[in-house]
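Construct the entire structure; sequences and hints are all you get.
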Amino acid sequence: MHHFERRALLRYGAYGAGAAALAGTAASWDRLTGADIPGRNDGSLVVATLGSAFDQAAVRFLGEGFRELHPDIKLRVNAVQAVDWSDFFAKILTQIAAGTAPDLVYVATEGVQLFAQRLGVPLDRWVKRDAAELREYFSDVHPSLVESMMYEGSLYQLPVEFNAADIYLNRQVLRRAGADFPPPDWTRDDFTDLLRRMKRTSDSHFTPYFWTNRLWGGVVPWLFANGTNLLAESKAPGGDWLWDSFYPAGRRQGRGGGFRWTTPQVTDERVEEAYEYLASLIRDGLCTRPEGGNGNNLVGVFSTGRVGVTPAGGFWAGGLSLAGMKPTGYDVQYFPRWRTQRHQFGAAGYAMLRTSKRQDEAWEFIKYAARKDTLTRLFRANQTTPARRSMLTAERYRESGPKHWEAFYGTLDQFPDTGPIPAPPQVAGVEQVLLKHTGTALASPRSVRPALRRLQRDLEKTMERDA
Amino acid sequence: MTSTQAPTVRPDRAADPPAGDRPRPSARERGARLLAALFLAPTIVGIVVFTVVPIAGSVVLSLFHWNVIDSPRFAGTANYREAFTDSTVLVSFGNTLVFMVLAVVSQLLIALILALAVNGRMPVWLRSAFRSAFFFPLVLSAASISVVMKYLFNQDFGVVNWLLGLVGIAPVPWLTSENGAMAAVILVYVWQQFGFSFLLFVGGLNNIPKEMHEAASLDGATGLRKHLHVTLPLLSPTLLVASVVGIINALQVFEQPYVLTNGGPGDSTRTVVMVIYETAFEQLRFGTASAVGVLLFVLIMAVTAFQFRLSRRFVHYQ
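From first to last, the protein sequence lines stand for chains S and L. Take the first sequence: its position 104, counted from the start at 1, is 103 in numbering that gives the first Met the number 0, and no numbers get skipped. Take the second sequence: its position 117, counted from the start at 1, is 116 in numbering that gives the first Met the number 0, and no numbers get skipped.
Honestly, the hints are just simulated from the structure, not real lab data. Where is the CB? At the ideal position from N, CA and C, for every residue including glycine. Careful, some of the hints might be misleading.
Covered stretches of chain S (chain L as the covering partner; in silico rule of three or more C-beta atoms under 8 angstroms from a C-beta of chain L) [stated by the list, open to error]:
(1) 93-100
(2) 435-441
So the derived list for chain L, only partly shown, Cβ under 8 angstroms to chain S, looks like this [as the list claims (entries may be wrong)]:
(3) Val67
(4) Ile68
(5) Ser105
(6) Tyr150
(7) Gln154
(8) Asp155
(9) Thr175
(10) Thr260
(11) Gly265
(12) Asp266
(13) Glu277
(14) Phe280
(15) Glu281
(16) Leu283
Away from chain S, derived, C-beta distances all over 12 angstroms, residues of chain L [as the list claims (entries may be wrong)]:
(17) Glu28
(18) Thr42
(19) Phe49
(20) Pro170
(21) Leu233
(22) Val244
(23) Phe307
(24) Ser310
Rendered as structure tokens:
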């Protein structure tokens, strides 16, 4: 047995006591979080927006305009830079994990149900309280957009913008192909014929149809046009409190308490048809492969006539104008009809977080952000489609184009079944497996069926997971 | 020849005096030890805070279900079982290993050939220019390089296919076919990374005594034989360092496949670190992501240990 000397025992005892004292001191401290960083926790109402959605001047205006109305509320607008909504939500969730949750987050359709289910506060009580004040807002906003912001009967956001997938056409390419601008009720076959004409009259560096593999504007518009969806779609009960208060009988018919996307159905015959159609376009050299379509260089290749048509929303009017494209250089038309002419859209608005200690102040900001004067100044560059119908005017699109700008809101007004992209609380997983298997499905028409079987299996697994 | 070095054979431990009989260090020695501890402290604290604690944190987190929003729930080994049965995770390990072998072999070969070439007879200014040019990509951001490369490799609008078209070669589906995508990712990665190995090799080659080559020449060895039997054995310690660092980096590849192909087509270029990122930050499954991270850590440790074991046979120290 090892014998300790008295001196050694005393020394080790002192070490132990020191370590215990240090551990005790550390344990007695409150957990440090990101909020402890000086300047972070200054009592401001914190609003997180997608940095790339608004330019710097617009973000500044958003703050200044609110301070003028509510000088007693300190406001901090945190413009989070992100490449897409998925990246943006990841950054917001990281802030929440770090203990620096904002009070309000700008959330698009992709995240509406995730935030509503886990983080959001229903706005119902405030909407009911300020019903008189909000009547003008709801009369100006299409009920489909409002319904897309509802979850299980409650409203979580007031939509301020949306984008539906219409078809942008390059006028120069149309002239080169000797083709007329298509009518609003054009069909999928008309669309295919147009692509073939464009291909025949162009060189080998030209691609008639350019698309990007993502949830919004990828395969989903074709599924909608073919009368199907990735996930079985239904509506939650409830929501009458809103529809009865703000919408006339004709416009509230068929509305519910928000969308439900549940069982995956990609082995459905119509889904297969849509994939086979896209695979045939790729095989015939009429469109880009899913991995080749990259939104980053789309403006360049479209404006220089190396692409003929592409799906995009109102946001692209501003993008093309910034790229120097003349209003007469392009135009927009509805997505072609297949079995239906149902369009898909994504909308966005501010969601209030449960962790917010300034919920009444946050509600004031939500109302302010949905005002027409606020949105008019914010969306001056046509970087998106305003949710308010009255803001879509000939004057707004006079400088940027397109000529047929009415198509933007027409996707809602002309096609009552137009709906949001399928975005259940498990949306991140859904989008990931969709993008992955779409790539393999479109390798060739023969790859479609096995890839869709794998997609079905992975979607089922994803949907079983807790969001 | 007499050696001035201390003998490397450890004295018999039995010969050490018992702890209690050791003479007490003098005040001067204690001061020196304290000073050494003070100098080492920032490094040790840094390693503990930024390496040991995160590793331990990952191991602990891998035993829980955690989605950032709700409190963590103990999961036992469920995350590991999920990692071992998830086809995407398994495919990503396969992809990463294939990538590692192809990328590291290419990187070392190119770096070695260029280092030998630059170390040959050429004006000093030209040698400096080459060294700078080969090293330059390494200091650039991998993400921004990948964005540019994505434009260059685009099948329909990319410069690479346009140049190939000038000599009559049909467009190559660089990023849209399984083999093409992996090849493009490896090309971009190797282009950026070989500069580091190149610099190591240039340094290693400069340390080889000229007498060795002269002696080999006198014995009748030609250029290639000299490199095989003199240069390579004497460069083997540098090769070991370059390969260890290269393999560790390659096993953690992320930016290039993420930006260039997003792991596609299908899963063909999805790497382990991509899966960790997607599982954690897109799907909010931090426990499973941590489990995959721990498995990758174990793989890297195992591969590195294997390399050092091999080095006993193949690495020659002068």
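Flag every earlier hint the structure violates by its number, smallest first. Per hint list: 5, 20 violated.
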